[in-house]
Every structure is written in structure tokens, then in C-alpha cells.
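Quick mapping for you: the protein sequence lines, in order, are chains A and B. My numbering runs 38 ahead of the 1-based position in the first sequence. In terms of my numbering, the second sequence has 101 at position 115, counting the first letter as 1, and numbering is strictly consecutive.
Fair warning: there could be bad hints in the mix.
Computed spacing ranges between beta-carbons, pair by pair [what the hints assert, rightly or not]: (1) A:G47 to B:P62: 47 to 55 Å; (2) A:R48 to B:D123: 41 to 49 Å; (3) B:E19 to A:P57: 41 to 49 Å; (4) A:P57 to B:R337: 21 to 29 Å; (5) A:L56 to B:V241: 18 to 26 Å; (6) B:P131 to A:P57: 19 to 27 Å; (7) B:S26 to A:L56: 47 to 55 Å; (8) B:P318 to A:P57: 52 to 60 Å; (9) B:T316 to A:P57: 35 to 43 Å; (10) A:G47 to B:D67: 42 to 50 Å; (11) B:L167 to A:G47: 46 to 54 Å; (12) B:A340 to A:P57: 44 to 52 Å; (13) B:P175 to A:L56: 14 to 22 Å.
Rather than coming from a laboratory, the hints here were simulated on the basis of the structure. Being a predicted model, the structure only gives us computed values, none of them experimental. Virtual Cβ for every residue (Gly too), placed ideally from N, Cα, C.
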Amino acid sequence: MEPTRVLSGRKVLRVVWLPGSDRLQGNCHCGAVHIADDPVEVWTWLLAHPVGHEAPAADPPPPARPEPALATAGAGS
Amino acid sequence: MTGVTISLTFVVEECPVSTIPRNQWYVAAYGREIGHDLFSRTICGESVLFWRTESGDVTAVSDRCVHRRFPLSQAPSRLVDDQVVCGYHGFTYGADGRCVAVPGQTRIPRTARLTSYPVVEQDSFVWIWIGDPARADSTRIPRAPWLDSPDYTTVSGMEPLQARFGLLVDNLLDLSHETYLHGGYIGTPEVAGTPITTEVDEEAGIVYVSRHMDDAECPPFYSKSTGLSGRITRWQDIEYTPPCLYKLHSRIAPVGVLPNADGTDPDAFHVEVVYAITPETENSTHDFWAVARDFALDDESVSDFLRESNRTVVLQDVAALDVLEQVIATEPEGYQELSINIDTGGLAARRMLAAQLAQSADRTAVAGS
């Protein structure tokens, strides 16, 4: 089961190791997505914001996340 | 008479660039380590003298007498009430670092003052601010509330590491090494075999790495402490706030047992593994570790087992990283590392540390201009 989103800041960058593959999916806080073969490439892309981050029209930003408890024992720790 | 030519050659040694971010809070000690005795520890290359004053507060000042640099922690230097007397010439300092007496004269030089460090005692740790005291904001200290919570039982220790602190950050941000370096303790095949998800919050200064194993072998560390046998659900959620505090929220439960929708999780075992990664020098580190659990709170045998097991695991890391430090310290510059998916969190941590380092360098440059 993929871990749920945890951090709730305005500018969270997220990299998901796509299940069943060796690929990494970078998710920018702006909603743009980039799939890469290694972590150096995915971080380079994420940090180049906004270069290359034009989100496709059909791919809206993810919905706002619920406020998580960062470090409570019962919240998925 | 033959003329003599004297050649004056100035050898300018290049000052090595520091890798330690300044203007940051670091863990200097456990509160229990500091009593009404002189206690010295090097933090980020600075020799610091600690003691607990008669009011119970921890104080931290430079461990070098301003006169001839004699260590104030070195006998026959001694503490008299809340004043430290240098064992070399008798310079005497108060808990705030101010010199209150010098030998043979009544005038105390204006510059006779020890550097004083902001300190905060919190969550069983003594935190120290390394940098400009005017910038010390205690609300920025990351929390580890389990360590002195009555709802948890904690075992803890500290091991000296003869390696740069960045190597320990790399180590802890990528737990796939558990499978290989810590087999028989905390490592199982599923750790290295399970993908991770990494999140970075630049503004909050957090790197978060999740590895959720739905059906995993239970390593001895958890089977013997929880009593679980058979396959388990094992979640590892790393929360690192560079540069110092690292927390591993570890959740252990029988396969298929998940938290309730309301967030409660009564059928799982929770272990909070906390590390404080404090540079001693550019090439050595204080490796503080703590293991807090929310089960078997009064079972001393579980405490003994977790203390010994975790210390063994830490020493396995120490042995590996000590070797790695020697390799790195003696190799030619320019080695090109290879990073793969398991390094996603570690790379994020490195980048955040580099940003902190650049920021502290900028501040230093501004202050010195």
C-alpha cells in the first residue's frame, strides 16, 4: 500500500517510486508531474521550477490534503 | 665575504571549507549527563563547557580560558558554587561567561569573557545553538516528545563516530542498508525490496521518507520485543529535520491490521527511533540514539533487550562508517558516486544541508564584511 501524503506545507515536493517499476514520479507543488529513471534527474527537474513545469490542461493539481498529524503514534507512524 | 641570501617563504595553508551548517540547533548531551560538575564536549568544532547551576539550569560556555586557553574542564580547574575557576592562573567566570576575578589585580579586562551559548533542555536532550546568539529561536527546535513522555518507555545512548556527520545522514535516510548491514537484528529482505515515497517541505525544513511493507518477515528486534510471530505489516516513516534531529516512526502489526479511520491504532506496536546527529568535528560525530516504545512499558527485560539490540545496530553502523570515512578521506577528489532509487531521500537531505551550509556561509560573509 502506497503511503499517504504526510506533509501539508504549501510547497511540498513528492517523489513516488512507481509500484512494479524502477521509475520515479516527481510531483511538484504546482501540480506538474515528471517521470524519471533516477533520483538525480527527478530532483533536478523538481528544483528547476518553473522550468518544464507547465502542467497539462487535462491534469489539474491534486486536491488539498487533509491536515495530517506529523508524528503521532497512531497516524501511520 | 660571501653575501647571504635569506629567502622568506610564506606557506599559506588553504583553510578547508567547513561542511557543518552554523546558526542551527544541535543536541549537545542528554540532560542526565550534566550535573553540578564540569562537563566538556566538542560541538561543531567548538569546545564547550557545561554545568548545571544551583538553580537547575544547564549553562554552556567556551571551554577555553581567555587568558592562555587552558581548558576549564581540565583539573585543577574547578567549580565553586556557580563559578568556574581556571586551574592554571585562577581566572574566574560566572555561569554567563563573564569574568569576575583575575589574579593579582582588581581591574578585569573588558574582553575577559567566555563565549556563552544559548541552551534549551527539551525532550530529554540539551540543545545548543551554534552560531550568532541573536538568531537563536528556541521555537525552531524540532520536537521528540516520546522521549520523556509517561506513555512511552525509552532506552537511549550515544556512540562516538569517527566519520563526518553527512555519512550518518546518508545512512539513516536510506534504510535499505538494514537488509545487508543489520541482518539478524532489524534487517529483512523486504526492507531493501520495498519502494519508498519521499516528500520534502522546503519551508518547514523536513525530509520525509516512507516505506510501508504490507507483508514482511518480523526481525528479531521486533519479534522478541513485541511477542509477534509470523508475518507482519511494517511501516517505516522517516522524518528528518536537518541538520540534527532524525525520527523513525516505526509501526509493527500483524499482516492486514491497519489503523482505524479515526487515526487510532490500538492493535499495532509503535516504536519511535530517534537519532540526534551532532558534528563533533569535520570528521567525527556524536551519534545519539533513543528507542521509545508504547508497549511493555514496565517490562525491564524488554528495555534491556532493545537497549542492547539497538546499541549493537548502532555499532554496526559506526564500524561501517568509520571505514567509509577513511576511504573518503584518503581518496583523490572528484570521485563520482552513483545514486539509485533508494537514495531519493538521502539526496533530498544532502541538498537541504547544502542550502543550510550556504546560508550560514552567507551570514558569516555578511558579518565579516
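If I claimed the Cβ atoms of B:S26 and A:L56 lie 47 to 55 Å apart, would that claim hold in this structure? holds (51 Å)
Using the C-beta atoms of A:G47 and B:D67, is the stated range 42 to 50 Å upheld? Taking Cβ atoms as reference, A:G47 and B:D67 lie about 48 Å apart, which means the hint holds.
CB of B:A340 to CB of A:P57, is that within 44 to 52 Å? violated (31 Å)
Range hint compliance [Cβ, A:G47 to B:P62, 47 to 55 Å]: At roughly 53 Å between Cβ atoms, B:P62 and A:G47 fall inside 47 to 55 Å, so the hint holds.
If I claimed the Cβ atoms of B:P131 and A:P57 lie 19 to 27 Å apart, would that claim hold in this structure? violated (34 Å)
Go ahead and decide if the range 46 to 54 Å is satisfied by the Cβ distance of B:L167 to A:G47. violated (33 Å)
Look at the Cβ atoms of A:L56 and B:V241 and judge whether their distance stays inside 18 to 26 Å. For B:V241 against A:L56, whose Cβ atoms are near 24 Å apart, the range 18 to 26 Å holds.
B:T316 paired with A:P57, Cβ distance criterion 35 to 43 Å: holds (41 Å)
In this structure, is the beta-carbon distance linking B:E19 and A:P57 contained in 41 to 49 Å? Between B:E19 and A:P57, where Cβ atoms are some 45 Å apart, the hint holds.
Hint check for A:L56 and B:P175 - Cβ pair distance inside 14 to 22 Å: holds (21 Å)
Please test the hint of 21 to 29 Å on the beta carbon pair from A:P57 and B:R337. holds (25 Å)
Starting from the hint 41 to 49 Å, judge whether the C-beta atoms of A:R48 and B:D123 obey it. violated (21 Å)
Taken one by one, the earlier hints fail for this structure at numbers 2, 6, 8, 11 and 12, listed in ascending order.
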